[in-house]
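Here the sequence shown is numbered in the numbering used here, starting from 1 and rising by one per residue.
Rather than coming from a laboratory, the hints here were simulated on the basis of the structure. Every residue gets a Cβ at the ideal spot worked out from N, C-alpha and C, and that includes glycine. Take the hints with a grain of salt, since some may be wrong.
[Stated by the list, open to error] Now the in silico label distances, taken between C-beta atoms and shown as ranges:
1. Y74 / R275: 23 to 33 angstroms
2. S99 / Q31: 17 to 27 angstroms
3. E9 / S99: 37 to 47 angstroms
4. L86 / Q137: 14 to 24 angstroms
5. T179 / A145: 39 to 49 angstroms
6. G230 / R151: 39 to 49 angstroms
7. G131 / G321: 19 to 29 angstroms
8. G230 / R84: 20 to 30 angstroms
9. E9 / T57: 32 to 42 angstroms
10. G321 / S99: 30 to 40 angstroms
11. S136 / K40: 24 to 34 angstroms
12. H55 / L5: 18 to 28 angstroms
[As the list claims (entries may be wrong)] Straight-line C-alpha distance at most 25 angstroms; calculated SDA-like pairs for lysine to any residue:
13. K40 / V14
14. K40 / S320
15. K40 / S91
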Amino acid sequence: MEDALLSAESYGAVAQGYAAEGAYDGSGHYQGGHVRAGYKLAPSWSLEADYWRRHPTDARDSADIGSWLAGVSYSVLASPDVGRKLTLRLSAWGNYASSLGKSSAAGSHFSDFQSDHPRDTQAQADLVYTGQPSTSQWLTGFASAGYSWVRSGDIEGTLQQGGCPYNFRVAHDSTAIGTLTAAPCRTAGAIIPMGGFPILATQPGIDADRGYNYSGAFLGAGGSWQWRYGPVSVVAGYHAQYFFRDLDTRLGAYGAPRPQFNQAVLLQLSYAVNRYVDVFARGQGFQNSLTGYAPMLYNPATANRLDRSYGLLSIGLRVSGF
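Hey, can you work out the whole structure from these sequences and the hints?
What follows is the structure, given as structure tokens:
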């Protein structure tokens with residue numbers, strides 16, 4: 001979510017925490033923290049490791065998401081005398097959660113939907129150029145390419161079948177087992193005392209294989225402008241992504257198109273309390289939700305929100321240089 005802040009400069013150690021308001025349709029909360037460690041191997045080589053913990057919520061659902069990144073950067077071109085730097089950055093990053101729940105799954109008869117152990121992993125290459133047109137301004141541009149893998153464990157939910165409620169567990173091959181939630185069940189003049197039955201999950205509208213386990217390539221590009229005056233710093237950034245992925249073709253029937261593109265804008269104001277601590281306020285807007293930033297969230301259960309804009313207004317504290 002911070003790709004718009006990419007820079008050709010090497011990274012040092014940073015810890016930051018933030019709280020945000022505003023989510024889908026302006027309702028929701030977003031809290032989290034971020035720790036980064038950087039190490040300079042040689043004048044042209046540096047390492048980076050990041051970890052995020054995020055807790056987004058909306059009116060009915062919430063999630064605890066962990067995110068990680070490990071990267072290496074090589075300075076292709078460095079001209080400190082004229083303030084120019086070109087860097088190649090190779091990284092692996094991903095997101096994971098113990099489970100993701102939703103009170104209802106779009107386009108199916110499921111309720112109390114839950115996906116166990118969802119995760120995504122990306123391999124990404126960035127070419128980043130940073131220039132300094134003046135002593136107080138920096139301009140950055142970047143181009144990215146990568147590949148993404150999304151995986152999920154079993155999918156659980158409650159399904160109405162024949163007028164009776166069943167607890168369902170769906171495996172990755174889209175086979176499911178239904179067990180009567182409360183026995184006996186009275187329906188259409190009959191009494192079902194107990195039991196369960198196997199079923200293909202595609203019948204009630206869940207394709208676990210193509211909808212929740214998939215892979216695909218992506219491209220990205222963007223840039224930022226930074227201005228600094230004394231302890232005050234302003235950053236404006238932009239990031240665009242395009243995705244090449246073969247998903248469940250029924251996503252349109254689930255309630256939304258399959259967005260193959262996302263773009264984000266960012267505006268951040270920072271104030272340096274001292275050389276180690278600064279406070280910041282940040283506004284971010286995403287055209288198609290968090291598509292591309294947390295790929296494991298992109299599945300049929302959330303299809304009715306995939307094409308909605310997502311906005312965050314956050315405040316935070318950053319400690320660096322330790």
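Now for the hints, and whether the structure bears them out:
1. Y74 / R275: 23 to 33 angstroms: holds, 28 angstroms
2. S99 / Q31: 17 to 27 angstroms: Holds, at about 18 angstroms.
3. E9 / S99: 37 to 47 angstroms: holds, 38 angstroms
4. L86 / Q137: 14 to 24 angstroms: holds, 18 angstroms
5. T179 / A145: 39 to 49 angstroms: holds, 46 angstroms
6. G230 / R151: 39 to 49 angstroms: Given about 48 angstroms between the Cβ atoms, the range holds.
7. G131 / G321: 19 to 29 angstroms: holds, 24 angstroms
8. G230 / R84: 20 to 30 angstroms: With a Cβ separation near 24 angstroms, G230 and R84 satisfy 20 to 30 angstroms, so the hint holds.
9. E9 / T57: 32 to 42 angstroms: For T57 against E9, whose Cβ atoms are near 34 angstroms apart, the range 32 to 42 angstroms holds.
10. G321 / S99: 30 to 40 angstroms: holds, 37 angstroms
11. S136 / K40: 24 to 34 angstroms: holds, 25 angstroms
12. H55 / L5: 18 to 28 angstroms: holds, 21 angstroms
13. K40 / V14: Holds: K40 and V14 sit about 15 angstroms apart, inside 25 angstroms.
14. K40 / S320: Roughly 16 angstroms separates the two Cα atoms, so the pair holds.
15. K40 / S91: holds, 16 angstroms
Going down the numbered hints, you'll see the structure goes against none, and every one checks out.
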